[in-house]
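Visitor: Keeping the supplied structure of chain A fixed, place chain B upon it in accordance with the hints.
2 protein chains.
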Amino acid sequence: METFTIEIEPLTKAAFAPFGDVIEIDGADHFGINRNTVERHHDLAAVDVGVETGGKTLISMVTCNELADLPYQLPYVERHPLATQAFIPMDFTPMVVAVAPDVAAPTPSQIRAFISNGKQGINYHRNIWHMPMIFLDASQRMLVVDRGGPGNNLEEYFFENTIIELVKA
Amino acid sequence: METFTIEIEPLTKAAFAPFGDVIEIDGADHFGINRNTVERHHDLAAVDVGVETGGKTLISMVTCNELADLPYQLPYVERHPLATQAFIPMDFTPMVVAVAPDVAAPTPSQIRAFISNGKQGINYHRNIWHMPMIFLDASQRMLVVDRGGPGNNLEEYFFENTIIELVKA
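As given, the protein sequences belong to chains A and B, one line each in that order.
By the numbering used here, the letter at position 4 of the first sequence is numbered 4, and the numbering carries on one by one without gaps.
By the numbering used here, the letter at position 142 of the second sequence is numbered 142, and the numbering carries on one by one without gaps.
Chain A with its partners taken away, still in its complex shape:
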């Protein structure tokens, strides 16, 4: 088995753009609502729940109770062909994600890994491969906005001949 090493980059809108949206207030359009007592940072993610296949929007929460260490071996990646999927942190804990583009069989060199600043959420676009998110120091609850409805919205991909290892930059 070969080992392929990927350095974890800071999560930014520009770096993550090929894979999805970074959900954060910084830099987002905003305007006053409720007679200007409230500021609305508007439409932070391109949500697409696949209404053409009977999809509807779900709001869920996930809690991840296993912590990981670096270097971390990526177990597999998954993707959702019918809809986007957004995760928004509720406990301000940095999260590490690895992603790969919309291709049938991603190669190790196509993978990129990011670490959030703890307040950033992300919205994976359709068919973007992603690793189950990990947390290094503390776990947290996350709010999820994704799709419910008929059809198979989950594919998994395993790297058979290569160990993919995420490391500190």
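Don't read these hints as lab results, they were simulated from the structure.
These numbers were taken from a predicted model, which means no experiment stands behind them.
Mixed in with the good hints there might be a few duds.
You can't tell identical chains apart in this list, so a pair holds if it fits in one copy or across any two.
Said to hold, decoys possible - Here are the computed lysine-lysine pairs in the DSSO-like style, where the Cα-Cα straight-line distance is at most 30 Å:
#1 119 x 13
#2 13 x 168
#3 168 x 119
#4 56 x 13
#5 119 x 56
Guide: Showing chain B alone in chain A's frame:
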């Protein structure tokens, strides 16, 4: 002007059911995902973004920077005829909401007021009148899941002859 006084109740799923959903982990269905490393508390709100009128799901954030005191005079109520609207707290601050049922002209005695435990979100159902949310001790960011798209999705209603006052229970 008459004054009509409303005692603020604790927010619970049962008490809020006529108006919308309480978004919280307690009591919600949950199951393992990502090979059981993550627990998913699934589908916590009946989200309805009005796809039949061209609605799409938006993820936004709002920040409310004005604090209120009790007793509090309710300025007006608003409602959204085309879609639901969900608010999920991101800074664990109790929020006070007042709501009234889906009628053309709510009466003071139809209003109910609730205070959250700081972690609960809410999802207003279509046409449920609600006061712009207030915070008593500290402000916070909230995640919003609601509708973007064509059409008028905002109505406001003012109580002309009565001062509606929210008080501690």
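Visitor: Which numbered conditions among the earlier hints are violated in the structure presented, ordered from lowest to highest?
Guide: none
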